[in-house]
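Novice: Taken in sequence, the protein lines are chains A and B.
In terms of this note's numbering, the first sequence opens at residue 3 and continues consecutively.
In terms of this note's numbering, the second sequence opens at residue 15 and continues consecutively.
Computed Cβ-Cβ distance ranges for the label pairs, DEER-style:
1) Gly75(B) to Thr11(A): 21 to 27 Å
2) Leu127(B) to Ser55(A): 39 to 45 Å
3) Asn54(A) to Asp79(B): 33 to 39 Å
4) Val16(A) to Ser97(B): 48 to 54 Å
5) Gln74(B) to Glu17(A): 42 to 48 Å
6) Glu17(A) to Cys27(B): 39 to 45 Å
Residues from chain A that face chain B, not an exhaustive set, calculated with beta carbons under 8 Å:
7) Tyr35
8) Leu47
9) Phe49
10) Leu103
11) Gly108
Since the hints were derived computationally from the structure, they do not count as laboratory data.
Quantities reported herein were computed from a predicted structural model and do not represent experimental measurements.
The beta carbon of each residue, even a glycine, is placed where N, CA and C say it ideally should be.
Below, each chain spelled out in residue letters.
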Amino acid sequence: AQKVTQAQTEISVVEKEDVTLDCVYETRDTTYYLFWYKQPPSGELVFLIRRNSFDEQNEISGRYSWNFQKSTSSFNFTITASQVVDSAVYFCALSDSWGKLQFGAGTQVVVTP
Amino acid sequence: GAVVSQHPSWVICKSGTSVKIECRSLDFQATTMFWYRQFPKQSLMLMATSNEGSKATYEQGVEKDKFLINHASLTLSTLTVTSAHPEDSSFYICSARSAAQETQYFGPGTRLLVL
Numbered sequence: 003a004q005k006v007t008q009a010q011t012e013i014s015v016v017e018k019e020d021v022t023l024d025c026v027y028e029t030r031d032t033t034y035y036l037f038w039y040k041q042p043p044s045g046e047l048v049f050l051i052r053r054n055s056f057d058e059q060n061e062i063s064g065r066y067s068w069n070f071q072k073s074t075s076s077f078n079f080t081i082t083a084s085q086v087v088d089s090a091v092y093f094c095a096l097s098d099s100w101g102k103l104q105f106g107a108g109t110q111v112v113v114t115p
Numbered sequence: 015g016a017v018v019s020q021h022p023s024w025v026i027c028k029s030g031t032s033v034k035i036e037c038r039s040l041d042f043q044a045t046t047m048f049w050y051r052q053f054p055k056q057s058l059m060l061m062a063t064s065n066e067g068s069k070a071t072y073e074q075g076v077e078k079d080k081f082l083i084n085h086a087s088l089t090l091s092t093l094t095v096t097s098a099h100p101e102d103s104s105f106y107i108c109s110a111r112s113a114a115q116e117t118q119y120f121g122p123g124t125r126l127l128v129l
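Isolated chain B (complex conformation):
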């Protein structure tokens, strides 16, 4: 149980384009989903927290107009990197948890490379 998927696993795009990453909880209802970013050989940094049906809460320093998060259902959250630039290249990881869980379960991550 507690499986979280992400799609796509890899994406390469040109600078200026927008990229959408999906995060799905496959066997539980995720009332809360989290989006993290990880640069090479660094730790995970929380970008934002989203609760189903509500606007996402962004961490300080994260541009909400740049990283659009939608959590429209209990099993799906999306992160859209708008007008991506090379500095947005990173490993993006989502996690999800239900109201009954204290544990977050992580997706396999999405590697974004912006050329």
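Bound conformation, chain A alone:
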């Protein structure tokens, strides 16, 4: 069975601080995909990144960066120099080759001015 654990329920930071969201996953599949989605108060899920199990290269996109480590089954997400607009719930998710997504519980990020 697949499982995604986001141990941090809520993280509060002051604007311009960095924030790292942890994600630990469990799967028996050798081929799988990891995702991060952002859910602002409006409710719509915004796709941020996808990583397949064979690509451990870390990625940076603007203020966002991701650290994928298969050895620890982790796929952590860092927001650098946070802004108020980053306030949202962030979900880490894992899918098998059939596309069924297993979501973590989500981490609420609150950025105050």
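Following the hints, put chain B in place on chain A, whose structure we already have.
Specialist: Frame of chain A, contents of chain B only:
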């Protein structure tokens, strides 16, 4: 690209009525569509997976007679909540992906309130 729409965005209905929610992929052909349910301050739970032209596959614990899913075309899937009751009140979100995509793209969601 990869835009998914849902209609309606909000629906309020009386207990016992049926509600239909539409999910459309606007700029790609969605061979697979997924329906999720999200209660306040909780994560998304997969309800069912539908492939175009096939019967939907429901997750354990989801009543298929209660939540009717139809995926009649490559751009449209519908979820009908039959004889809705207050406990069906939730945020329903669909997602879609094409055969060439590993990424699911999500619709904006539909908030259902059953009185």
